[in-house]
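From first to last, the protein sequence lines are chains A and B.
Using the numbering used here, count along the first sequence one by one with no gaps and you end on 217.
Using the numbering used here, count along the second sequence one by one with no gaps and you end on 83.
In case anyone wonders, no lab produced these hints; they're calculated from the structure.
Among the clues, some could well be false.
With the C-beta cut set under 7 Å, the calculated list includes, among others, these residues of chain B facing chain A [as the list claims (entries may be wrong)]:
1. Pro3
2. Ser18
3. Leu19
4. Met49
5. Val52
6. Val53
7. Glu54
8. Gly55
9. Phe57
10. Ala82
11. Leu83
Subject to a maximum C-alpha distance of 25 Å in a straight line, what follows is the list of computed DSS-like cross-link-like pairs (lysine-lysine) [said to hold, decoys possible]:
12. B:Lys25 with A:Lys58
13. A:Lys58 with A:Lys146
14. A:Lys152 with A:Lys162
15. B:Lys25 with A:Lys146
16. A:Lys152 with A:Lys58
Owing to the predicted nature of the structure, the values given are computational and were not obtained by experimental measurement.
No residue lacks a Cβ here, since even glycine has one placed at the ideal position from N, Cα and C.
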Amino acid sequence: MPDIFVGSSKPKETKPSLSVGSKDKSQKIILKHPLGFFSAFALNPHQIRYEAQDANEKIVLFLRRHFFTNVGWILMTFCLILVPFFAFSFFSFDFVPMGFRFMGLIGWYLLTFAFAFERFISWFFNVNIVTDQRIVDVNFPSILYKDISETKLENVQDISSKTGGFIRSFLNYGDVMIQTAGALPELNFEAVPHPDKVAEVINDLQSGREDYQHGSL
Amino acid sequence: MAPFDQFIQSLSLSSFDSLVWVLIKILAIIGFALYLAFAAIVIRQVKIMSEVVEGLFIWPLRLMAWIHLGVAVFIFLLALIAL
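So that you can see chain B by itself, here it is in the shape it has in the complex (with noise of 0.2 Å):
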């Protein structure tokens, strides 16, 4: 057979879906590694908003911002893993 041949054969449907899943596969990681970003710069807003005024009732808000960081966290670990 001849390596242009072998080459086409290579290009077949189940090979060219998996290298679709793994495409997919490295843009959601890097879509979880995103968000795992902007759950650490939540954290850094809801910091710099309450500066602004002192005082106000903000700590459901950072707990809420810190599990969200700790959620996000786990989430792209089970991505590494699950995907």
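So here's chain A without its partners, still in its complex pose (with noise of 0.2 Å):
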């Protein structure tokens, strides 16, 4: 006589957590974040160098403020796009020579350019990463200045991760602050994706360096 309650044998199927903390190491399960154009959060990019990498070093991390952080800038330069329309609408600029009109409108359009330009990369080249030995936080603060930091593993002494907001609780992006106790006291990751994973993936990093660095996590 078949069984009427009988459960699906179909096995059920694990989804792989993004977890390296666990405490069995022999299911620590590295998922590879492929690294794409807006990637924001990579885990394990293989494909990509820091120009100080040493030989034996592994990137670990690549971390981007959150793609949703573009949103402010992206719609200023629709509203700049749109300026010139409402601006001959409403006013009338017969009084200057038509050269002049075409060239202005011109003008107009090339500093919006610029200015989409310059904020996407920015955002395009401010990057955070994390190898097996140190922490590295690239800054360029504007198009002229350029702003490395970076502390080795062992220097961190605290990390803290903070997610606050609507937007930012729903996207689950946030602030990674790490302690150091290097001559820099202190290096921020603004606006990255998973704060909470970062945070526990640079504190697995640090409490089992060895390990991680014999393939074993």
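Combine both chains into one complex, guided by the hints.
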């Protein structure tokens, strides 16, 4: 007689966890997040190299600010694109010679493009990198300044993550603050995706550094 | 007519007007020249930035920066002609 209440024999699929902090090391799974053009979070990105990276050093995390942080300047750019339409609708520029009007319009759109492009490359190249030996914060505060801060993992004293506000909680991004014992008192990863996971990965790297170097993590 | 009267007459509204537009033209051309310098700096900056982290997918940005410089050169020349 067949059993009626028999569950499906299909094994239940287990969703791999992002966590590398599980106690049982055999179950630790390192997911490979492919690094795309707009990626803000990539775990073990093999295709990239940091300029001061040692031969035996491996990049574990690659981070940027969450893409949502770009929404402000994108909206601003759309507003700037629309400004001439409104300006020509509401004001008369008949007193301005045609050549000046034309070049003024072109100049406006050039500046709008420059604004958007500068903001985009600023987002694109402001990155945070965690390797198995150090933590690097690459900042380009403006197009003419370059500021690279880095600290060795053994200098890390305390790591905390912060996610506040509706959008940040909803999209799961926030800040990671790393206190160090080195010359640089604190490293901040601003508005990075999965801040709790980032803190966890850094903690794991710091506590089990030897294991990580031997590839058992 | 006394020289002073001639000078006052030369400062009529139309000549003042054209003087203003010449001034604006010079400022506009200086502005476009500065923009040209900015476009060149952007190319250099994209190169420097891309050297910090190698392997990023950056050719669209490089292409965009070069197109931007090309457009800036074209517009600078256009400003010399059109203004």
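Comparing the hints with the structure gives:
| no. | hint | verdict |
| --- | --- | --- |
| 1 | Pro3 | violated (32 Å) |
| 2 | Ser18 | violated (10 Å) |
| 3 | Leu19 | violated (14 Å) |
| 4 | Met49 | holds (4 Å) |
| 5 | Val52 | holds (5 Å) |
| 6 | Val53 | holds (6 Å) |
| 7 | Glu54 | holds (5 Å) |
| 8 | Gly55 | holds (4 Å) |
| 9 | Phe57 | holds (5 Å) |
| 10 | Ala82 | holds (4 Å) |
| 11 | Leu83 | holds (5 Å) |
| 12 | B:Lys25 with A:Lys58 | violated (56 Å) |
| 13 | A:Lys58 with A:Lys146 | holds (23 Å) |
| 14 | A:Lys152 with A:Lys162 | holds (22 Å) |
| 15 | B:Lys25 with A:Lys146 | violated (35 Å) |
| 16 | A:Lys152 with A:Lys58 | holds (13 Å) |
Checked against the numbered hints given earlier, this structure breaks hints 1, 2, 3, 12 and 15; the rest are met.
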